[in-house]
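S.K.: Below, each chain spelled out in residue letters.
Number of protein chains: 2
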Amino acid sequence: MFETLFQKFEEKIQLSDAEKELIKSFFQPKKLRKRQYLLQEGDVSKYVAFVEKGMLRSYTINEKGNEHIIQFAFEGWWINDMYSFITGEPSTYNIDALEDCELLLLSQQAEEKLFERVPKMERFFRMLLQNHMIATQRRLVSSLSRTAEEKYNELVESCPTIPQRVPQHMMASFLGITPETLSRIRGKKATTKG
Amino acid sequence: MFETLFQKFEEKIQLSDAEKELIKSFFQPKKLRKRQYLLQEGDVSKYVAFVEKGMLRSYTINEKGNEHIIQFAFEGWWINDMYSFITGEPSTYNIDALEDCELLLLSQQAEEKLFERVPKMERFFRMLLQNHMIATQRRLVSSLSRTAEEKYNELVESCPTIPQRVPQHMMASFLGITPETLSRIRGKKATTKG
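As you go down the protein sequences, you meet chains V and L in turn.
No gaps in the numbering here: position 193 of the first sequence is 193 in this note's numbering, and each next residue is one more.
No gaps in the numbering here: position 128 of the second sequence is 128 in this note's numbering, and each next residue is one more.
Here chain V stands alone, though its shape is the one from the complex (with noise of 0.2 Å):
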């Protein structure tokens, strides 16, 4: 159940064995299944969430009823609403899963407790943040600047497999870009191919 959290930790920092014990104490394993949700709008995020086996989105729902993704997580990647886990205040998001899925939950006392004990986990969530903010500087620099095909290009570049793995409709409201829009450049793409 750990492995994919263990190797994560440590691309970044060394652990030892002892504190790996520790470590895993913090976190709650979880099993979702397809559909059901991490996190419900209105409710507060009280957990972090690291993606062991499957794939989740985070999504809002603006007054028209259109629903807007802000994140896929994939395997090894982590997802909650961090304004509602800090603050505690009701979420505007919600989270649910695309597959099957095997999570590990952190807590934010849990959190805490572990930043106390295992310093250098605090060193880890701020690098992990630094990536994540490269990550949404970059998606929000293409929202701005790139054509739709440019943006569509970016994301299959940075996670080959999505299209296999998210369906259609939800590629678009990741990208911004009406799923016609997405049809005619994957239509495109497979022509210049074939």
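Careful: at least some of the hints might be erroneous.
Treat identical chains as interchangeable: a pair holds within one or across any two.
The calculated lysine to any residue pairs, modelled on SDA-like cross-linking and capped at a C-alpha distance of 25 Å, are [what the hints assert, rightly or not]:
#, residue 1, residue 2
1, 8, 98
2, 31, 141
3, 64, 168
4, 120, 13
5, 12, 99
6, 24, 127
7, 113, 1
8, 31, 176
9, 34, 127
10, 120, 18
11, 120, 33
12, 189, 89
13, 30, 190
14, 24, 119
15, 64, 138
16, 12, 89
Rather than coming from a laboratory, the hints here were simulated on the basis of the structure.
Please build the complex by placing chain L on the supplied structure of chain V, with the hints as guidance.
M.R.: Okay, now just chain L, sitting in the frame of chain V:
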């Protein structure tokens, strides 16, 4: 020179006078006149800059020569190209001063040493990144789901002095809308108020 910096630190962590003196030694003061660059595209982002006075922006220029503003940084904010800062790769961003600036620069080596000598600074930077992450994610959600007028209203709410300090075409670039659209929105608001 360090007033605003320590005010920001002390919103999140407690520091002794000895720690403050030590922290000061890691920062390099730097003045920039309006229109001078902190970072130019192709150079490595060697510092994270804290704004004691003045205001800067980071932006990219795409193949067609269009500017896209990523961030404004006012007094009390931090700015750099995080990707370039971490990896040592040349930056794709420009950062320039929109007003005369007084900055405090922290190099990556100085940052590493600072975290070693004053470990709670690592906590401060983790919390800072969390807040920056929340703000960037909100802006991304806005860019996907809001109308031009809603985006403008959000910007002015989060930073009421921005219409006085930032030229209109830069606000439009930040919002990803045309200057004409922004002009129409502001005209409408002026009429409504009057």
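S.K.: Each hint: holds or not?
M.R.: For each hint, the structure was consulted:
For the identical chains of this complex, residue 8 and residue 98 are intra-copy neighbours only, at 22 Å inside a copy versus 40 Å across copies, given an alpha-carbon limit of 25 Å. Taking the closest pair of Cα atoms, residue 31 and residue 141 never come within 25 Å of each other, the shortest separation being 35 Å inside a single copy and 28 Å across copies. Taking the closest pair of Cα atoms, residue 64 and residue 168 come within 25 Å of each other only inside a single copy of the chain (21 Å); across copies the shortest separation is 29 Å, beyond that limit. For the homomeric pair residue 120 and residue 13, the shortest alpha-carbon distances inside one copy (7 Å) and between copies (18 Å) are both at most 25 Å.
Taking identical chains as interchangeable, the C-alpha atoms of residue 12 and residue 99 are never at most 25 Å apart, the minima being 28 Å within one chain and 39 Å between chains. For the identical chains of this complex, residue 24 and residue 127 are neighbours both inside a copy (20 Å) and across copies (23 Å), given an alpha-carbon limit of 25 Å. Within a single copy, residue 113 and residue 1 get their C-alpha atoms as close as 22 Å, which meets the 25 Å cut-off; across copies the closest is 36 Å, which misses it. For the identical chains of this complex, residue 31 and residue 176 are neighbours neither inside a copy (30 Å) nor across copies (40 Å), given an alpha-carbon limit of 25 Å.
In this homomeric assembly, residue 34 and residue 127 never come within 25 Å of each other (Cα to Cα): the closest approach is 30 Å inside a single copy and 33 Å across copies. For the identical chains of this complex, residue 120 and residue 18 are neighbours both inside a copy (14 Å) and across copies (24 Å), given an alpha-carbon limit of 25 Å. Taking CA atoms no more than 25 Å apart as the test, residue 120 paired with residue 33 passes in neither setting, with 33 Å inside one copy and 40 Å between copies. Neither within a single protomer nor between protomers do residue 189 and residue 89 lie at most 25 Å apart by alpha-carbon distance, with minima of 44 Å and 31 Å respectively.
In the homo-oligomer, the alpha carbons of residue 30 and residue 190 never lie at most 25 Å apart, since the shortest distance is 39 Å inside one protomer and 53 Å across protomers. Taking the closest pair of Cα atoms, residue 24 and residue 119 come within 25 Å of each other both inside a single copy (15 Å) and across two copies (24 Å). Taking identical chains as interchangeable, the C-alpha atoms of residue 64 and residue 138 lie at most 25 Å apart only when they sit on different chains, with a minimum of 18 Å there against 28 Å within one chain. Taking identical chains as interchangeable, the C-alpha atoms of residue 12 and residue 89 lie at most 25 Å apart only when they sit on different chains, with a minimum of 19 Å there against 31 Å within one chain.
The structure fails to meet hints 2, 5, 8, 9, 11, 12, 13 from the earlier list, while all remaining hints are met.
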